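Number of protein chains: 2
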Amino acid sequence: MRNRLSILLALLLAPAIYAAEGMWMPQQVPQLGDELRKMGLQIDPNRFADLTGDPMGAVISLGGCTASFVSPEGLVVTNHHCAFGSIQHNSTPERDLITDGFLAATKADELPASPGSRVFVTTKIEDVTSRITGNLSAKLGDAQRARTMEKRERQLIDECEKPGGVRCRVASFFEGAQYLRTTQMEIRDVRLVYAPAEGVGNFGGETDNWMWPRHTGDYSFYRAYVGPDGRPADFSKDNVPYRPAHYLKVSSAGVKPGDLVMVAGYPGRTFRYRTALEVQNAREFTIPTIIRYGTDISQILHEMGKGKRDVQIKNASRINGFENTLKNYKGTLQNMNRGVITQDRTDREAKLAAWIAAEPARVKKYGAVMNRLDELSREFNTTRERDLVLNYLPRSSPMLAQAQRVYRWSIEKTKKDLDRAEGYRDRDVPTMMSASNRAQRTFHVESDRAGLRYMLEEAGRLPAGQRIAAVDQAISRYGLEGFLDRLYANTKIHVADERKRMYEESKAQLDARKDAMLEFAAALLPLSLADEEENKKYLGASSRVRPLYLEALREMSGGLLSPDANGTLRISFGEVKGYEPRDAVEYEPQTTLSGVISKHTGEGEFDAPDALLEAARAGKTKEYEAPHLGDVPVNFLSTNYTTGGNSGSPTLNAKGELVGLLFDGNFEALGSDYLVDPELTRSIHADMVYVLWIMDAVDRAHHIMREMGVAPKY
Amino acid sequence: MRNRLSILLALLLAPAIYAAEGMWMPQQVPQLGDELRKMGLQIDPNRFADLTGDPMGAVISLGGCTASFVSPEGLVVTNHHCAFGSIQHNSTPERDLITDGFLAATKADELPASPGSRVFVTTKIEDVTSRITGNLSAKLGDAQRARTMEKRERQLIDECEKPGGVRCRVASFFEGAQYLRTTQMEIRDVRLVYAPAEGVGNFGGETDNWMWPRHTGDYSFYRAYVGPDGRPADFSKDNVPYRPAHYLKVSSAGVKPGDLVMVAGYPGRTFRYRTALEVQNAREFTIPTIIRYGTDISQILHEMGKGKRDVQIKNASRINGFENTLKNYKGTLQNMNRGVITQDRTDREAKLAAWIAAEPARVKKYGAVMNRLDELSREFNTTRERDLVLNYLPRSSPMLAQAQRVYRWSIEKTKKDLDRAEGYRDRDVPTMMSASNRAQRTFHVESDRAGLRYMLEEAGRLPAGQRIAAVDQAISRYGLEGFLDRLYANTKIHVADERKRMYEESKAQLDARKDAMLEFAAALLPLSLADEEENKKYLGASSRVRPLYLEALREMSGGLLSPDANGTLRISFGEVKGYEPRDAVEYEPQTTLSGVISKHTGEGEFDAPDALLEAARAGKTKEYEAPHLGDVPVNFLSTNYTTGGNSGSPTLNAKGELVGLLFDGNFEALGSDYLVDPELTRSIHADMVYVLWIMDAVDRAHHIMREMGVAPKY
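Going line by line, the protein sequences match chains Z and D.
With the first letter of the first sequence counted as 1, position 80 gets the number 80 in the numbering used here; the numbers rise by one all the way through.
With the first letter of the second sequence counted as 1, position 548 gets the number 548 in the numbering used here; the numbers rise by one all the way through.
Hints are not guaranteed to be accurate.
Copies of the same chain are indistinguishable here, so a pair counts whether it falls within one copy or spans any two.
Stated by the list, open to error - Distance condition first, Cα-Cα at most 35 Å in a straight line; then the derived DSBU-like pairs of lysine-lysine: (1) Lys-599 / Lys-351; (2) Lys-308 / Lys-416; (3) Lys-308 / Lys-330; (4) Lys-599 / Lys-713; (5) Lys-162 / Lys-415; (6) Lys-308 / Lys-620; (7) Lys-620 / Lys-351; (8) Lys-124 / Lys-314; (9) Lys-622 / Lys-351; (10) Lys-249 / Lys-620; (11) Lys-38 / Lys-507.
These are calculated hints, taken from the structure and not from any lab test.
This one's a predicted model, so the numbers in the text were calculated from it and none came from an experiment.
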C-alpha cells in the first residue's frame with residue numbers, strides 16, 4: 001500500500017535546506033543558489049538579495065496585498081480582489097464599474113483609488129536586533145521587558161519615519177532571534193487604470209474561492225503618482241507618474257508543467273515554528289471555538305436580516321467578515337485533523353530533543369528550552385476560554401466595540417505618545433477615526449443586541465476561576481434581558497455626532513454621561529488591562545526563550561531556515577505542478593478557456609462577459625493558445641508556498657519575467673500556515689497569457705499592453 | 001479551442017457499426033468479430049451467440065438484477081445491493097447481518113433468500129415476429145390491433161410456460177420490428193451464502209451513489225438449489241445445489257487501463273431510438289414534472305415524520321423510492337440540458353431525411369415515417385398533464401392505490417384470463433397479494449392524506465380540456481378538506497383483514513360497502529379506462545410505423561444496429577478507461593485500498609470494518625497489489641454502456657474470465673439511456689481482486705474461494 005504519511009514524513013526528515021520549502025528573505029536567496037540553478041533558474045541568484053535591483057525593486061506592497069511595477073511609468077499590476085475597494089469606490093448605479101470593469105483611455109481618465117490606498121516600495125532593510133534586545137537589564141520583570149522592547153521598537157520607527165514620505169516597521173524574525181527595520185517609500189496618489197469585468201476578475205466568486213480547477217482573471221491595474229519633485233504627495237492634478245527604478249518584463253510565453261516559478265511578495269503570517277502544544281491548543285480549542293462563535297453569530301445576523309433588505313445591507317460586511325474567517329478556519333481545522341501537523345511537531349520536537357541530548361554543550365545551552373516553552377504555553381492558556389470571550393464581546397457588538405475604543409482613548413490620550421497602548425498612538429488616530437466611520441454603517445441595534453446576548457450567554461458559561469466580574473454583576477443585578485434593555489435604552493454610542501464628540505471628551509466627561517454602553521466598557525476595562533499585562537508577561541518571558549528555540553532548530557538544520565512570514569518581502573520557489581486531491585483523481589496544473597465556457601451559466605458568479613464568449617466563438621484565440629493544451633491557458637497551480645498578503649504577487653519564470661499573478665491557495669493549502677504538505681499544498685495563479693488575451697481580444701486594452709512592451713495581436 | 005461538442009458529433013457521425021457503442025444481442029456478436037479482435041478479444045466471438053454455452057450460459061437474471069454462476073455447485077455472485085433484501089430478511093436485532101455481513105461455514109448454514117427470490121437461467125430465444133405481427137387484418141382499428149398483438153403474446157407465453165419450471169416472455173426489439181420469445185428456467189430455492197459487512201458492500205452509501213471515485217465492495221454470493229431430480233423446486237432440505245452447464249472462471253489477474261472488458265447481463269430499458277420530439281417532451285415536461293412531484297411529496301413525507309420515529313419508519317421506503325428516482329431523473333435532466341441529446345436526435349432525423357430523399361424507392365417506403373411518428377407523439381401528448389396526474393394520484397396515496405387495485409380486480413376477475421388488463425391475470429395474483437401486504441407496512445393515514453391533498457391540488461390546476469371529472473365533482477361538492485375528511489373517515493382500505501376480504505369480493509359487494517376510498521377509485525375508473533384505450537390506440541398506431549422507422553435507420557447504418565434494452569440478455573464491449581469530468585480534472589480508472597482508508601471516517605456510510613483496517617495496517621496486501629498502482633485495486637471504470645438491470649453483471653476480460661462486477665454508472669452516464677457520450681459515459685465495477693482480497697484477508701471466506709478455484713494466500 002502507498003502510504004502518503006510515510007512519504008510526507010520522509011520529506012520532512014530530508015535535508016532542511018530545500019528551496020521549495022520556504023518563504024525566503026531576499027538576503028537568504030544567494031545561499032540557495034545551487035539548488036535554484038538545479039531547479040532551472042536562469043538568472044544570478046544574487047540579484048534577489050538586492051532590494052532596489054531587478055526584480056525585487058519592482059515588487060511592492062499595497063498594505064495587505066502585493067503588486068508589481070510593469071512599466072517605466074509606474075503602472076502597477078495586482079489582483080482584481082486587491083483593487084476591488086477602488087473599483088467599488090468609483091462605481092455608481094449609473095456607471096457600474098464592478099460589473100462592467102473599467103479602462104482609462106488616457107492617463108487623464110484614470111480614477112483615484114479608494115481613500116487610504118497606498119503603494120509601498122521597500123527601499124531599505126536594516127538589522128536592528130541589538131537595538132531591540134541589547135542591554136536589557138536582567139532585573140526587568142517579564143512584562144517590563146516586553147514593554148521596554150516595544151518602546152525601543154517605537155523609537156526606531158519614529159526615528160526612521162521622521163524625514164516623511166516613508167513608512168517604517170520593525171519586524172521580528174525567527175521568533176525574535178532577529179529584528180529588522182524596513183523602510184518603505186509610501187506613495188499616496190494611486191489611481192485605477194484598468195479592471196476587467198467582474199465576470200472575468202471575480203469569475204467563480206465565493207463558490208470557487210480556494211478551489212481548483214479555477215478560471216478567474218484576477219487582475220487589475222493601478223498607476224502610482226508622485227509630486228513633480230518625485231516625492232510622495234497627496235492626490236493632485238499636478239502629480240506625475242512615478243518612475244520606478246525597476247519594473248518587471250511581461251512574458252507572453254506562458255508556463256508548462258515542471259517549469260520553475262518564483263513568487264515575490266509580502267506574506268502576512270505563518271505559524272511554522274509553533275510548538276506541538278501550541279498546535280494542539282489551536283486545534284482543540286482556539287480554532288473550533290472561533291468557528292463556533294463565527295457560525296453562531298453569522299447565523300444570528302442572517303436571521304435578523306430575513307425579509308429586511310436594509311438590515312441585510314447593514315449586516316452584510318459583518319457576515320462577510322465572519323464567513324471569510326470561517327471558510328479559512330474550517331479548512332485549516334479539517335486539514336489539521338488529518339493529524340499530519342501534530343505529527344510533524346511531535347516528530348520535530350523529538351528529533352530536537354535527541355539532537356540536544358547528543359552533546360553536553362547543547363544540553364547546557366538548549367536543555368531547558370522545550371520545557372520552558374511548554375510551561376509558558378500552559379500558563380498562558382489557563383484563561384484561554386475567558387480571553388476568547390473578551391476578544392469576541394466587541395466582535396459580537398460593534399456598539400460595544402466603539403464604546404471600548406472611545407473609553408480607552410480617553411485614558412490613553414493623556415499619556416505620552418510612546419507610552420500608549422498599541423493602536424492608540426498619534427499615528428493611529430486617522431485609522432481609529434475611519435474605523436469609527438465605517439462602523440457607523442454597520443450599526444443595527446437589534447442585531448447588535450442579539451449578537452451581544454449570544455456572547456453574554458457564552459460569558460455566563462465560563463468555568464469558575466475565569467468568570468468576568470463585570471458581566472456577572474450586571475446580570476445578577478438586572479437579569480440578562482434586563483441588562484440588555486438598559487444597555488440599549490441608555491446609550492448614544494451609535495449616534496454618529498455624539499460618538500464624534502465622545503472621542504474628543506475626557507474620561508471624566510465620558511463618566512458624567514452615564515451612558516450605559518460606556519459604563520459597561522469601563523466595567524470591562526480592569527480585566528482587559530490585567531489581560532494585557534498577562535500578555536506582556538508572556539511576551540517578555542517568551543522573548544527570553546523562543547529565540548533560543550529557533551537557534552537550536554537552525555543549528556540542527558545546518559544553518560539555513562526560512563523564518564515565519566511577518567508581512568515583509570519574501571520570495572518562494574516552486575514548480576508548475578498539479579496534484580492528486582484524492583484517490584483516482586488527478587488535478588492538472590493548468591485550466592483553459594474551454595473551462596471558462598463550460599462553467600459559464602450566464603448568471604451569478606459564473607457570468608462571463610459577452611465579449612469574451614464572442615471572441616472565443618469567433619476563434620480569436622489562436623495566438624494565445626498553448627500548444628500543449630490546444631487552448632488558451634487561464635490559471636495555473638504551482639508548489640510555491642504563499643499565504644494571505646501574497647495576493648497580487650508577481651509570479652516570475654526562470655528568467656525573472658512576469659508569467660502570472662498569484663491570487664489564491666487551494667483548499668488543501670488551508671493549514672499550510674502551520675505545515676506545508678508538498679503533496680497537496682498549491683498556490684493558484686492567473687496566467688499572464690490569459691490576462692493578455694483578455695486585454696487584447698476582449699477589452700481591447702491595447703495601449704496598456706503597449707505600455708508594458710507587449711504587441712497586441714488583434 | 002478544443003470543442004467537445006464537435007468531437008462528440010464527429011463520433012456520432014462515424015460508421016454506425018461500433019462494438020463499443022451498444023448493448024448487443026448475443027446473436028449479433030459474431031458480426032462484430034473483426035472489431036472485437038481489434039479491441040483485444042482473445043476468444044472466438046461466435047461463442048457469445050450460444051446462450052447455453054460458455055460464457056453466456058453462466059449469465060443469469062435475478063429479476064431486476066444480473067448475476068453469474070461461478071462454481072459447478074450453483075454458486076452465484078451478484079451485487080451486495082442486489083442481495084440486500086435477503087440480507088435484510090435474515091437480519092434480527094441480535095444477529096445484524098446488514099452491518100456485520102454473513103458467511104455460511106457450510107452449505108447447511110446457508111440461509112433462505114428473501115421470499116420470491118429467483119434465479120432465471122435463459123435457455124432459449126426464439127423469433128416469434130410472424131406469430132405476433134403476421135396476418136393482422138388491415139381492417140383492425142389501432143386499439144384493436146394492439147389488443148390482438150397483446151393476446152397473441154399472452155398465448156405464446158402460456159404455451160411456453162405450460163410444462164412448468166420456466167418463465168417465458170415475448171419481448172419487442174427494434175421498436176417492434178422483431179419479437180423474440182425467451183425461455184428461462186426459474187429456480188425457486190435460492191440461498192444466501194456470503195455477504196461482506198455493510199462497510200464493504202455498501203461503503204460510501206447514498207453519498208457515493210453514482211459517484212466516482214468509488215470504493216465499494218458491492219458483491220454477495222447466493223447458491224441456487226433444485227430438487228433431487230434436477231428440476232426447479234420450492235425450498236426444501238432435500239434440495240441439492242444446481243449444477244449449471246457452465247460457470248465463469250474467476251481471474252485474480254485484475255485489469256489495467258486500456259484492457260478490453262465485456263459486460264453480460266439483463267439491462268432494463270433504454271430510449272436510444274426515441275425521436276427528437278419525444279426527447280423534447282421528456283426534457284420539457286415529463287422529467288421536470290416527475291422531479292417536481294417527487295420532490296414535493298418526498299418533502300411532505302419528511303415533514304410528517306419530523307420527531308416521530310414510527311412515522312419515519314412507515315414512510316421510509318416511500319421516501320427512498322421517490323429519492324432514488326429523483327437523483328436519477330435530476331442527473332438525466334442535467335445531462336439532457338447540456339443539449340447534446342436533443343442535438344443528436346435532430347441531427348439523426350435530418351440525416352435520415354436526406355438519406356430517404358436521395359432515392360425514390362426510399363421515399364416511397366419511408367417517406368411518411370417521421371411525420372407520422374411526430375403526429376402520433378403530438379396526439380398522445382395532448383393530455384400529458386392529466387395522464388401524469390392520474391399516474392401520480394395512487395403514488396401520492398398508497399391507500400388510494402390499493403382501493404384502485406381492489407376495485408379493478410373485482411371487474412377483471414370476471415373476465416377470461418387472456419382478456420384481462422395487464423397485471424390482473426391469474427399468474428399475477430401472487431404479486432398483487434404480496435404488494436398488498438407490503439403496502440400495509442407503509443400506511444400512515446395522515447401522510448397518505450397529505451400526499452393525496454397535494455395531488456388533488458395538482459389536479460385542480462389542470463388546464464381546461466384535461467380536467468378530471470371525478471375530482472372536480474368531489475371537490476365542488478365537499479371542498480378539498482371536506483372531501484379528504486370524508487375519504488379518510490369512511491374507509492377500511494387500510495385495515496389488513498378488511499382489504500383481504502375486499503380482494504375476494506365482487507364489484508357489487510364492494511359497491512355495497514359504501515367505502516369512500518373505493519367509491520373514489522370507482523369514480524376515477526372510467527377516465528382510467530378511456531386513458532388505457534387511448535394508450536392502446538397509440539400502441540396500435542405506433543406498431544404500424546415505428547418498426548419502419550427502425551428499419552430505415554438500420555438500412556441507413558449499413559445493417560447492424562443494437563436494439564434498445566428490454567430486459568433481455570445483452571453484452572456490451574468497452575475498455576478500462578478514466579475520463580475528464582471537467583477542465584483540468586482527470587479521473588483515473590482505478591481506485592485503491594488507500595482510497596478506502598482515506599474515506600473511512602469510522603461512522604455512517606464510511607465505516608470500513610476493523611478487520612479490513614487491521615489487514616491493511618498489517619500489510620496483508622502484497623499478494624493482491626497491482627504493480628502499476630502499487631496498491632490493491634478496488635473499483636474500476638470502463639466505457640461499457642449499461643443501465644438499470646445490469647447491476648451484478650459479470651465483467652469479463654478478453655479471455656472471457658470474471659474480472660469484475662458491474663454495479664453502477666457514473667453521474668455523467670445519467671441520460672445515457674437516451675444518448676451515450678463516449679467521452680463521459682462510464683460504468684463502475686467492483687474489481688474481483690478486491691473481492692478476493694476481502695474474502696482472503698478480511699472475511700477469511702477461504703472455502704468459497706476454493707470452490708471458485710482460487711487459492712487463498714493468507
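Each hint tested on the structure:
no.	hint	in the structure
1	Lys-599 / Lys-351	between (48 Å within a copy, 31 Å between copies)
2	Lys-308 / Lys-416	neither (47 Å within a copy, 68 Å between copies)
3	Lys-308 / Lys-330	both (29 Å within a copy, 33 Å between copies)
4	Lys-599 / Lys-713	within (26 Å within a copy, 49 Å between copies)
5	Lys-162 / Lys-415	within (21 Å within a copy, 108 Å between copies)
6	Lys-308 / Lys-620	neither (46 Å within a copy, 61 Å between copies)
7	Lys-620 / Lys-351	between (58 Å within a copy, 31 Å between copies)
8	Lys-124 / Lys-314	neither (42 Å within a copy, 75 Å between copies)
9	Lys-622 / Lys-351	between (55 Å within a copy, 32 Å between copies)
10	Lys-249 / Lys-620	within (25 Å within a copy, 56 Å between copies)
11	Lys-38 / Lys-507	neither (64 Å within a copy, 92 Å between copies)
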